[in-house]
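J.: Mind docking chain Z on chain C? Use the hints.
Those sequence lines, one after another, are chains C and Z. The numbering of the first sequence is the numbering used here, which starts it at 5 and goes up by one. The numbering of the second sequence is the numbering used here, which starts it at 339 and goes up by one.
Do not take every clue at face value.
Using C-beta positions, here's what the derived DEER-type ranges look like [said to hold, decoys possible]: (1) C/L36 with Z/G460: 46 to 52 Å; (2) Z/R482 with C/V69: 41 to 47 Å; (3) Z/D472 with C/S57: 44 to 50 Å; (4) C/D129 with Z/A378: 34 to 40 Å; (5) C/M45 with Z/K499: 20 to 26 Å; (6) C/L65 with Z/W389: 18 to 24 Å; (7) Z/N373 with C/V24: 53 to 59 Å; (8) Z/V491 with C/S57: 28 to 34 Å.
If you're looking for bench data, these hints aren't it; they were derived computationally from the structure. Just so it is clear, CB atoms sit at the ideal spot from N, CA and C, and this is done for glycine as well.
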Amino acid sequence: MLPGIFSAFITFAAFVIAVVVRFNRPPVGHRLKAMIRIWAMLLALYAGLYWVSGGKVAGTLESVVFLINGVLIYGLLFCTFCYCYFVSDHSLSMLFMLAMQDRLSLDEIKRQFPYDELLRQRMIDLENNHFAVRRGESFELTPKGRSRARVAGTLKRFLNLEPGG
Amino acid sequence: MAGIFAAFTSFSVFVVVHWAILHWLRWRPLSRVLNGLWLANLGLYAWLFWWWANDTGIVNLLNGLLLQVFLLIGYTAFFFLVERGLSLRVLIEISRTPDGRMTLEEIKHAYPYDYILEKRIGQMVRMGYWVEQDGYFRSTEKGRRFTALHRQVWKILRIGKD
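Same shape as in the complex, but just chain C:
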């Protein structure tokens, strides 16, 4: 079991370094896609480290479970990294906290971060990710956007979180 855990952590450290290097060489493009690509490429490093550190890849159930256990840890470390990254990159609360100098009133927050601008930026994101298209003054969902909305709506209902946001 130890070779899998060890390989997962070393590979994850390599992943973090690779992401930092990549993000410091613009243009990066779609950041999540870049991170997924790096994660997938480094699976080869995981396999190599697993083998070098004495992990068995024989046909017993136990050895297969130990190999998958390491991949799972590497995958969950990636999810945790993405979570922290997107909290930092996308969260409104984070933006407000970074803007705080001495003190802020609600009106000052509204002036510094006008809703129009904020929504416009999100709509550009949705357009760039092919979830919505602009038709004159209106926004319309693409088939991809409709399917995402359906999944999200179902999940919200399932977890009793409506309207949320």
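T.: What follows is chain Z alone, placed relative to chain C:
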């Protein structure tokens, strides 16, 4: 392997209990409910491990614990994405209009800024990052540390510069 089974079993119990709480109880705030469940679930994991496989060694125990913690983090991330996501809410609002389209003004009306701010700022105050005094919000020491950490993350990963 017992640690892995204990981790997945206790995580499954966590998901079911959380779902039941969200449906049948009005316990709020959601973040505090999750924190409480996290602690209870780690206890459940320890008990399951002790019950099934207390003789399989420390590596097994720690491996299961690691999986358990990461599964809980993953679930929490997924949960807040579904609950809090601004873009998701906009997508859902547009998808529910009769003609499947909305202008910015209509989105602003269906999803008001005051609602968004109240939720975010309320959460920051509850979590102890900000305090409210005489109509103004100020950072606490905890808030300043958290912000400084994220400034470093923004710098290292060049966030907001592309």
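J.: If a hint holds in the structure, say so; if it doesn't, say that too.
T.: Each hint, compared with the structure:
1. C/L36 with Z/G460: 46 to 52 Å: For Z/G460 against C/L36, whose Cβ atoms are near 29 Å apart, the range 46 to 52 Å is violated.
2. Z/R482 with C/V69: 41 to 47 Å: holds (45 Å)
3. Z/D472 with C/S57: 44 to 50 Å: 60 Å Cβ-Cβ, so the 44 to 50 Å window is violated.
4. C/D129 with Z/A378: 34 to 40 Å: holds (37 Å)
5. C/M45 with Z/K499: 20 to 26 Å: Cβ of C/M45 to Cβ of Z/K499: about 24 Å, so the range 20 to 26 Å holds.
6. C/L65 with Z/W389: 18 to 24 Å: holds (22 Å)
7. Z/N373 with C/V24: 53 to 59 Å: violated (31 Å)
8. Z/V491 with C/S57: 28 to 34 Å: Since Z/V491 and C/S57 have Cβ atoms about 31 Å apart, the given range 28 to 34 Å holds.
Hint compliance for this structure: hints 1, 3, 7 are not met, and every other hint is.
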